[in-house]
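Protein chains: 2
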Amino acid sequence: MINNEDKGHMRLAIRLATESVHKGGGPFGAVIVKEGKIVAASSNRVTLDNDPTAHAEVCAIREACKKLNTFDLSGCVLYASCEPCPMCLASMYWAHISRYYYANDKEDAKAIDFDDAFIYSEFALSPEKRSMPREQMLHDEAIVTFQEWTKKDDKIEY
Amino acid sequence: MINNEDKGHMRLAIRLATESVHKGGGPFGAVIVKEGKIVAASSNRVTLDNDPTAHAEVCAIREACKKLNTFDLSGCVLYASCEPCPMCLASMYWAHISRYYYANDKEDAKAIDFDDAFIYSEFALSPEKRSMPREQMLHDEAIVTFQEWTKKDDKIEY
Numbered sequence: 001m002i003n004n005e006d007k008g009h010m011r012l013a014i015r016l017a018t019e020s021v022h023k024g025g026g027p028f029g030a031v032i033v034k035e036g037k038i039v040a041a042s043s044n045r046v047t048l049d050n051d052p053t054a055h056a057e058v059c060a061i062r063e064a065c066k067k068l069n070t071f072d073l074s075g076c077v078l079y080a081s082c083e084p085c086p087m088c089l090a091s092m093y094w095a096h097i098s099r100y101y102y103a104n105d106k107e108d109a110k111a112i113d114f115d116d117a118f119i120y121s122e123f124a125l126s127p128e129k130r131s132m133p134r135e136q137m138l139h140d141e142a143i144v145t146f147q148e149w150t151k152k153d154d155k156i157e158y
Numbered sequence: 001m002i003n004n005e006d007k008g009h010m011r012l013a014i015r016l017a018t019e020s021v022h023k024g025g026g027p028f029g030a031v032i033v034k035e036g037k038i039v040a041a042s043s044n045r046v047t048l049d050n051d052p053t054a055h056a057e058v059c060a061i062r063e064a065c066k067k068l069n070t071f072d073l074s075g076c077v078l079y080a081s082c083e084p085c086p087m088c089l090a091s092m093y094w095a096h097i098s099r100y101y102y103a104n105d106k107e108d109a110k111a112i113d114f115d116d117a118f119i120y121s122e123f124a125l126s127p128e129k130r131s132m133p134r135e136q137m138l139h140d141e142a143i144v145t146f147q148e149w150t151k152k153d154d155k156i157e158y
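Chains as they are written, first to last, in my numbering: chain A, 1 to 158; chain B, 1 to 158.
FYI, nobody ran anything at the bench for these hints, they're computed from the structure.
Some hints here could point you the wrong way.
One copy or any two copies: either way a pair holds, since identical chains are not told apart in the list.
[Said to hold, decoys possible] DSBU-like mimics (lysine-lysine), calculated; alpha carbons at most 35 Å apart, straight line:
1. K129 to K23
2. K151 to K23
3. K7 to K23
4. K152 to K110
5. K66 to K23
6. K129 to K106
7. K106 to K23
8. K34 to K106
Looking at chain A on its own, in the form it has when it is part of the complex (with noise of 0.2 Å):
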């Protein structure tokens, strides 16, 4: 059930897409609300810091970590003012974002030149098939790291 207190979360993130676009970032805002509290909000900030990760959820989602000094944010709720890339989308789960809504949906983002069901699209194929070449190569060396972190007594585990 949405409420006023998402409507109002949800009316921060377009603002801030908003904002974004007159200030010359992309058309993107996310908020991060923790037991009814903004932790976070944050614009695309792409083209002006030249990262191409620094969409508006990556953003909010660092912002949020470092003020609550973890990496895992459960029982945190994200609210994208349009609906989250997949790499945004991955990093939801990475943090273990609870929950999120969302405003614009990526057939509004493609309509608008962004790539994001472009990228949807290139996961749902098999990795052979997509556009970017990739290629394994000397799994025998590499392995030996993995089996260097399972030895180890101490990791800290995410």
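Go by the hints and put chain B onto chain A.
This is chain B only, laid out in the frame that chain A set:
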């Protein structure tokens, strides 16, 4: 065709992954190369920086973009000590990485309890079947931001 230069770059990614285990980070490394020259090299910094988005590939992309002063890494090759997770793969699409090599794969990562395979399996489900609940809201308000974006003459697209 994998040549000795490729092997050298991958061995650096693997060395960074191993050093990361010793330093308290995750067992992953990544190297980005442009025209034969290394432009960025990073290990996983999730637990060291309290940043769930600080996978080796994402850190290397950020570093390469900073160094080259661009958000577009077209022509760059990425060497990852482990098959990129969905977040990293999508960030590589956004950055226009041209191709990539990997050593360990997502099944190896799963075997040492990393969530890569789980997130890939979530992506294969339709959104309503995924474990992270979501809901669309305020679409009519958010679409106005995209209309403003469309009308803006001096926007920087990416």
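A quick look at each hint next to the structure:
For the identical chains of this complex, K129 and K23 are neighbours neither inside a copy (38 Å) nor across copies (37 Å), given an alpha-carbon limit of 35 Å. Only between protomers do K151 and K23 lie at most 35 Å apart by alpha-carbon distance; the minimum there is 14 Å, versus 50 Å within a single protomer. For the identical chains of this complex, K7 and K23 are intra-copy neighbours only, at 24 Å inside a copy versus 44 Å across copies, given an alpha-carbon limit of 35 Å. Proximity of K152 and K110 under a CA criterion of 35 Å is satisfied inter-copy only: 17 Å between copies versus 45 Å inside one chain copy.
Proximity of K66 and K23 under a CA criterion of 35 Å is satisfied in both settings, with 24 Å inside one chain copy and 20 Å between copies. For the homomeric pair K129 and K106, the shortest alpha-carbon distances inside one copy (22 Å) and between copies (18 Å) are both at most 35 Å. In this assembly of identical chains, the alpha carbons of K106 and K23 lie at most 35 Å apart only when taken from the same copy (23 Å versus 40 Å across copies). Taking the shortest Cα distances, K34 and K106 sit within 35 Å of each other both inside one copy (26 Å) and across copies (32 Å).
Taken one by one, the earlier hints fail for this structure only at number 1.
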